[in-house]
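There are 4 protein chains.
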Amino acid sequence: MTNRFDRHAQGVYIIAATPFAEDGSLDLESTDRMVDFYLDCGVTGMTILGIMGEAPKLSGEESAQFATRVLDRVAGRVPVIVGVSGAGLDPMKALTDRVMAAGAAGVMVAPMPSLQTDAQQKKYFAQVCQTLGPDVPICLQDYPMTTKVNFSTETLLDIFRDNPQIIMLKHEDWPGLNKLDRMRAETGSDQIDRISILVGNAALFLPQELQRGADGAMTGFAYPEMLVEVVRRHQAGDVDGAEDLFDAYLPMVRYEQQLGLGLAIRKEILHRRGVLASPKVRAPGPVMSAADHADLTRLMARLDQKLAALDT
Amino acid sequence: MTNRFDRHAQGVYIIAATPFAEDGSLDLESTDRMVDFYLDCGVTGMTILGIMGEAPKLSGEESAQFATRVLDRVAGRVPVIVGVSGAGLDPMKALTDRVMAAGAAGVMVAPMPSLQTDAQQKKYFAQVCQTLGPDVPICLQDYPMTTKVNFSTETLLDIFRDNPQIIMLKHEDWPGLNKLDRMRAETGSDQIDRISILVGNAALFLPQELQRGADGAMTGFAYPEMLVEVVRRHQAGDVDGAEDLFDAYLPMVRYEQQLGLGLAIRKEILHRRGVLASPKVRAPGPVMSAADHADLTRLMARLDQKLAALDT
Amino acid sequence: MTNRFDRHAQGVYIIAATPFAEDGSLDLESTDRMVDFYLDCGVTGMTILGIMGEAPKLSGEESAQFATRVLDRVAGRVPVIVGVSGAGLDPMKALTDRVMAAGAAGVMVAPMPSLQTDAQQKKYFAQVCQTLGPDVPICLQDYPMTTKVNFSTETLLDIFRDNPQIIMLKHEDWPGLNKLDRMRAETGSDQIDRISILVGNAALFLPQELQRGADGAMTGFAYPEMLVEVVRRHQAGDVDGAEDLFDAYLPMVRYEQQLGLGLAIRKEILHRRGVLASPKVRAPGPVMSAADHADLTRLMARLDQKLAALDT
Amino acid sequence: MTNRFDRHAQGVYIIAATPFAEDGSLDLESTDRMVDFYLDCGVTGMTILGIMGEAPKLSGEESAQFATRVLDRVAGRVPVIVGVSGAGLDPMKALTDRVMAAGAAGVMVAPMPSLQTDAQQKKYFAQVCQTLGPDVPICLQDYPMTTKVNFSTETLLDIFRDNPQIIMLKHEDWPGLNKLDRMRAETGSDQIDRISILVGNAALFLPQELQRGADGAMTGFAYPEMLVEVVRRHQAGDVDGAEDLFDAYLPMVRYEQQLGLGLAIRKEILHRRGVLASPKVRAPGPVMSAADHADLTRLMARLDQKLAALDT
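Chains as they are written, first to last, in my numbering: chain Z, 1 to 312; chain U, 1 to 312; chain Y, 1 to 312; chain A, 1 to 312.
Think of the hints as simulated: they come from the structure by calculation, not from any bench. Note that CB positions come from ideal geometry on N, CA and C, so glycine has one too. Possibly wrong hints are sitting among the right ones.
As the list claims (entries may be wrong) - So the derived label-pair ranges between C-beta atoms look like this:
id, chain 1, residue 1, chain 2, residue 2, range
1, A, Thr146, Y, Cys41, 26 to 36 Å
2, Z, Thr146, U, Glu154, 25 to 35 Å
3, U, Leu28, Z, Pro134, 57 to 67 Å
4, Z, Asp6, U, Glu154, 32 to 42 Å
5, Y, Asp162, A, Gly24, 22 to 32 Å
6, Z, Ser59, A, Gly24, 55 to 65 Å
7, Z, Pro144, Y, Gln65, 36 to 46 Å
8, U, Asp190, Z, Asp97, 49 to 59 Å
As the list claims (entries may be wrong) - Once the Cα atoms are required to be at most 27 Å apart in a straight line, the calculated DSS-like pairs of lysine-lysine come out as:
id, chain 1, residue 1, chain 2, residue 2
9, U, Lys123, A, Lys122
10, Z, Lys148, U, Lys123
11, U, Lys93, U, Lys179
12, U, Lys123, A, Lys123
13, A, Lys123, A, Lys148
14, Z, Lys148, Y, Lys306
15, A, Lys148, Y, Lys122
16, U, Lys306, Y, Lys306
17, Z, Lys179, Y, Lys93
18, U, Lys306, Z, Lys122
19, U, Lys93, U, Lys122
20, Y, Lys122, Z, Lys123
Okay, chain Z solo, but in the shape it has when bound (with noise of 0.2 Å):
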């Protein structure tokens, strides 16, 4: 049963879309269909309903219909973490007993924009914890370019020190890097418990992260099997060949790091590579335009050229 994480999670924990029709109405089949190519993909974990997952477009009851239905299909074969960021505590563990009671892993909590300094973030933190009870795993989402929330490196240790069951960061940060080795040398010590440490940002420097001890990704592009592949390549110690695959999907990685519109260029390769029914973002919501299909097709085209001229 592999349904827990841990403190030594590692891998691939793909951030998951939310399908719907047409219409924008939930799409349950394309759910499956998206879980079993994660799953194929080599993915070692899942996290549902993050921002990427378009949260706060769903209804409670639409979050946990599509948990569940996620559960179902992944039956205890990863861990599946649940995004349960929001306002308000009370609807916070709501949603989280819910979903735990379903079989989730642990949950996910980014800061609200509110808590600009390192004691409001501390104090959240803290009552997070108490609200939620300890037997919850949680993964701490440090993304200051979305939550508008600036974490410094001394903070999170506090946390993570103060809060034992808080045991993963999802590492956006950016510029980041130094942080990353900060949290990685000064955690794991007599003070403060070992953290697993997966990095998002779009995955863009993540050669460089793996490099500097990063546990692996936990970040949404379209193309798993290359998030897959650069950590299992690392892990195994060929840094260079991990490096060589990534420089080549690098092109698509930035293109689709645009924020906002990044996940309709996710939803939308989603689609075209048989998952996804409907590439459709609920509103309000990016919309691709033709150009942007275009760019699209265009880098579509060379990553096949790449990955032919990296085969021979």
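Go by the hints and put chains U, Y and A onto chain Z.
What follows is chains U, Y and A alone, placed relative to chain Z:
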């Protein structure tokens, strides 16, 4: 039947608190008592589930339960506006349908923080109107200090002109007196119909705003009788008398207008006045210190003295 | 010789305007008159080239010329603090050296907007102290509404403890009363020496802040005599009398506290009171509308009436 | 004489560093060498005293001294644009007059952070144009990630139409590809003259931007020869060849594009390439860690390999 509001709405639309018991559950008895209190104060309308109403800390079910309770108690005596702001249009539509069916007069919508340009703002409110349907009257909330969204006067005028179902402005830009002037002067013309302008921002500039043509106030000051009487005097031509009364309350208005903390102060005053059984605020939320309580005791006593002096 | 300030500084350090002629040039005659006016009001210090002093709109040469003129006119009767905030430490050092040589008592430093974490804030103030040298007394300005930098109380305490030349806090966080409590309670101890705490934020909470232990005010209210007398009464034990006087001025304090526009209002009042030859504000800057002028006329008349009533 | 730029400016306007000696003083010898290096790379223009040029850390005197040195060394071979952004129009005017007299081709102006609405943005650029006078060609910098100012396409178009001396756009909004499309399509018409569009944002999307009609790049990438050759190939019709070359450099482009830290990385590369005697950045500023240096060494070696592979 006065359960609608229109372009001529005036007086005081009180921003209602959401009463909780000490254990954090909805307190429906205090809800009834609060509604009665507001009506006894002479308000001409009520706005629930706004920022002060702790809306993001309620589940969907609780929001509907609370709204229904208020609407039942009000029983059509004054129009009730329901805050439905949020990140997704689907949940906004669902809540709107539910409360309109239950007798709400309309809804209030504040912009999302991501709406940073005039073009984004216009597009969003067009989407909102299309989603909610033309039969739902809308109050637009312009409150940059909290929403982090700044509308130019030009953009606001465009939005009102292009979306005739937006008929009321909750004006709480700060500094905002000259914006108010222009919103008054440039609506009610051939091109843009008259709109109702009610002022918020804790009513800190209420006399000045009435003098510049505001139709009244929409804020949650814990002494609604002052707001009602100030507007009444002003409309009766007693401009000085209105401002004299306001100035007596100004030290308290100023004390309440502490961003974030103000919610706790207002609930505490309503509690001390016998309206709310408990001043409970849901987490994460502000908590008054002992010194804050002492401030409040002192300011309430001084207010009594000032009012006594005015009466003589 | 009182041209130094220390950890016991109290009373009113008035934030000085920078007078311009109608053509935008420095008005040194009005500068002299303004200095005399402030001294006649009984201020215990003066702060120039702050945010209200339009410092970023002056050339380096003009800043030095204006500072020298003020220092010459003050002639050591009260300490003068000079605002030297900026994006680079080299220009800060150059201006500091120049004004300290000319007789300034010390400098005021606000954080740059990029200092978003506690670690960055601590590092920056350490760098500032090292750059300016240990002989320069520093007032730290904590004004999040304008600087966009939020200090936790803990971080402020660390900065004061680690940098003994920072001896004064310009407290204008909002809401900030409980922060003030802690800054008062946790300095003047074995670990951190006493600091002088003067309050800003337009003095909107001056009585409450004095009651919580503030040493006085540092703000640019255009009736400095009120600030002086309120602090005097409070220190003499007449807490109610202090607050009564303050409350009479509160409608004007509130009107001046309009972010951005406040500068124009203050200059206009100083002009009407005969202090400044012109209310000129350099571009880009706020301009009062006709309605703003009418507001001011009305509020000044009402203030006179209130003061007359207090005297009887 | 090519020291002017016009609405058809194209190619690469390199963003120049400001070289310092280890002790922090201006390094004018390195300045000469840097100018020669840029010209040898084939740039068609140069932009100095921008954000990367550490302008706010220079005194007015140093700015003028550095600008004069660059202008003298360039000697009219390519146009030089000077960044003059700042909080006050008077200092902006003074610096503009000085550098235009010394032979600058024009100036670059970024918006102040306070310009949060379309109306404020339009008013500000009208003021800037009026202040600087109609003979000064202006490049408008649209870089929200750093300036915190978001222009809608509509607003930008209005600004260009209403202020004919603004003839160039430094396009670095992100995501910004569709904005670029519209700026290209809706200028060069009856209503708005053609404008030159050069792209920044570290050139992360340069091929896509050229494909959408950008005229070239204005950024500070430490391998200007890549920018020059990519633009040349693209303009010669070799769209694939342009993108192939770009992709080889993309891992480095991506590594440099670390907000804040990027400046230190660029100076370090220019130092390693023999252009700058020292990679010194003035305080407060970024400092590379040992791990950053190791990253850079690795990425530079990998770049050499990729370029060698491209040549074969």
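Verification of the supplied hints:
| no. | hint | in the structure |
| --- | --- | --- |
| 1 | Thr146/A - Cys41/Y: 26 to 36 Å | violated, 42 Å |
| 2 | Thr146/Z - Glu154/U: 25 to 35 Å | holds, 30 Å |
| 3 | Leu28/U - Pro134/Z: 57 to 67 Å | violated, 33 Å |
| 4 | Asp6/Z - Glu154/U: 32 to 42 Å | violated, 56 Å |
| 5 | Asp162/Y - Gly24/A: 22 to 32 Å | holds, 24 Å |
| 6 | Ser59/Z - Gly24/A: 55 to 65 Å | holds, 58 Å |
| 7 | Pro144/Z - Gln65/Y: 36 to 46 Å | holds, 42 Å |
| 8 | Asp190/U - Asp97/Z: 49 to 59 Å | holds, 57 Å |
| 9 | Lys123/U - Lys122/A | holds, 20 Å |
| 10 | Lys148/Z - Lys123/U | holds, 24 Å |
| 11 | Lys93/U - Lys179/U | violated, 30 Å |
| 12 | Lys123/U - Lys123/A | holds, 23 Å |
| 13 | Lys123/A - Lys148/A | holds, 17 Å |
| 14 | Lys148/Z - Lys306/Y | violated, 46 Å |
| 15 | Lys148/A - Lys122/Y | holds, 24 Å |
| 16 | Lys306/U - Lys306/Y | holds, 13 Å |
| 17 | Lys179/Z - Lys93/Y | violated, 30 Å |
| 18 | Lys306/U - Lys122/Z | violated, 43 Å |
| 19 | Lys93/U - Lys122/U | holds, 18 Å |
| 20 | Lys122/Y - Lys123/Z | holds, 20 Å |
Hint compliance for this structure: hints 1, 3, 4, 11, 14, 17, 18 are broken, all remaining hints hold.
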